[in-house]
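A.B. asks: Listed below are the residues making up each chain.
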Amino acid sequence: ILNVEQSPQSLHVQEGDSTNFTCSFPSSNFYALHWYRWETAKSPEALFVMTLNGDEKKKGRISATLNTKEGYSYLYIKGSQPEDSATYLCSGSGGSNYKLTFGKGTLLTVNP
Amino acid sequence: GAGVSQSPSNKVTEKGKDVELRCDPISGHTALYWYRQSLGQGLEFLIYFQGNSAPDKSGLPSDRFSAERTGGSVSTLTIQRTQQEDSAVYLCASSLTWTGGASVYGYTFGSGTRLTVV
Numbered sequence: 001i002l003n004v005e006q007s008p009q010s011l012h013v014q015e016g017d018s019t020n021f022t023c024s025f026p027s028s029n030f031y032a033l034h035w036y037r038w039e040t041a042k043s044p045e046a047l048f049v050m051t052l053n054g055d056e057k058k059k060g061r062i063s064a065t066l067n068t069k070e071g072y073s074y075l076y077i078k079g080s081q082p083e084d085s086a087t088y089l090c091s092g093s094g095g096s097n098y099k100l101t102f103g104k105g106t107l108l109t110v111n112p
Numbered sequence: 001g002a003g004v005s006q007s008p009s010n011k012v013t014e015k016g017k018d019v020e021l022r023c024d025p026i027s028g029h030t031a032l033y034w035y036r037q038s039l040g041q042g043l044e045f046l047i048y049f050q051g052n053s054a055p056d057k058s059g060l061p062s063d064r065f066s067a068e069r070t071g072g073s074v075s076t077l078t079i080q081r082t083q084q085e086d087s088a089v090y091l092c093a094s095s096l097t098w099t100g101g102a103s104v105y106g107y108t109f110g111s112g113t114r115l116t117v118v
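The listed protein sequences derive, respectively, from chains Y and D. As numbered in the working numbering, residues 1 to 112 make up the first sequence, in order. As numbered in the working numbering, residues 1 to 118 make up the second sequence, in order.
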């Protein structure tokens, strides 16, 4: 059974602040690590998928890193904007080649 | 279709009534999943379909929950005799072929059905 843990559970920042969240997962039987952004009343949107130790991905002001040996991933947001407010979900597929297991998410609120 | 479509988007039902939630996945995605998120909880896996078969139903919380998929496309999740603890957002997702598909490609999600049992 794969346990995906995310921290913090929630976060309030001011517009313009940079922030980061953590996702930890068991490092054994690892396939891939996925980050999603879920805005209220919308579909969760895929941000990144990472598979290799040391992977770094970037999309605009958002970036992510992966350490499969120690079992964690960081998501960074530079210069947060109110439109970044959402729940950020991390999922891993360790031990399964067909199913993703999600953490509880980090709820980010960016105040203007 | 272009995306994963779920209906209804919101459903309020009385305790004890049956409800049906519908999911129309992306055309060509053979894998289909149902998850739910209850208040304060993470996304909880319910069931996985490969084509019309459900090789993993391990997340269905009780025998009041059932799901089917027809024509390798539309899926229906049915909850009988709803209880207040069934209140949640029910998400459907689809993915490319199951052989390593979801683990590498991830899912495309629908926007969910918010179920409220009163």
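In short, the hints are calculated from the structure, not lab data. Nothing here was measured: the structure is a model prediction, and the numbers come from that model. Treat the hints with care, since some could be wrong.
[As the list claims (entries may be wrong)] Among chain Y residues calculated to face chain D with C-beta under 7 Å, some are:
{"hint": "1", "residue": "32"}
{"hint": "2", "residue": "37"}
{"hint": "3", "residue": "40"}
{"hint": "4", "residue": "43"}
{"hint": "5", "residue": "44"}
{"hint": "6", "residue": "46"}
{"hint": "7", "residue": "49"}
{"hint": "8", "residue": "74"}
{"hint": "9", "residue": "99"}
{"hint": "10", "residue": "103"}
{"hint": "11", "residue": "104"}
Ideal Cβ positions, reconstructed from N, Cα and C, are used throughout, including at glycine.
A.B. asks: Does each hint hold? Answer for all of them.
C.D. replies: So, going through the hints one by one against the coordinates:
With a cut of 7 Å, the hint placing residue 32 of chain Y at the interface with chain D holds, because the nearest CB-to-CB distance is about 5 Å. Checking residue 37 of chain Y against chain D by beta carbon gives a least distance of about 11 Å; that is not within 7 Å, so the hint is violated. At about 10 Å, the closest approach between the beta carbon of residue 40 of chain Y and any beta carbon in chain D exceeds 7 Å, and the interface hint on this residue is violated. Interface restraint check: residue 43 of chain Y against chain D, minimum CB-CB distance 4 Å, threshold 7 Å, status holds.
Hint on residue 44 of chain Y holds. Least Cβ distance to chain D is approximately 4 Å, under the 7 Å limit. Because the beta carbon of residue 46 of chain Y sits about 5 Å from the nearest beta carbon in chain D, less than 7 Å, this interface hint is met. The beta carbon of residue 49 of chain Y comes within 5 Å of a beta carbon in chain D, closer than 7 Å, and the hint placing it at the interface holds. Taken as an interface hint, residue 74 of chain Y does not check out: its beta carbon lies about 19 Å from the nearest beta carbon of chain D, beyond 7 Å.
At about 6 Å, the closest approach between the beta carbon of residue 99 of chain Y and any beta carbon in chain D falls short of 7 Å, and the interface hint on this residue holds. Given the 7 Å rule on beta carbons, the hint for residue 103 of chain Y holds: about 6 Å separates it from the nearest Cβ of chain D. For residue 104 of chain Y, the shortest C-beta to C-beta distance to chain D is roughly 4 Å, which falls under 7 Å, so the interface hint holds.
The structure is inconsistent with the numbered hints 2, 3 and 8, although it conforms to all the rest.
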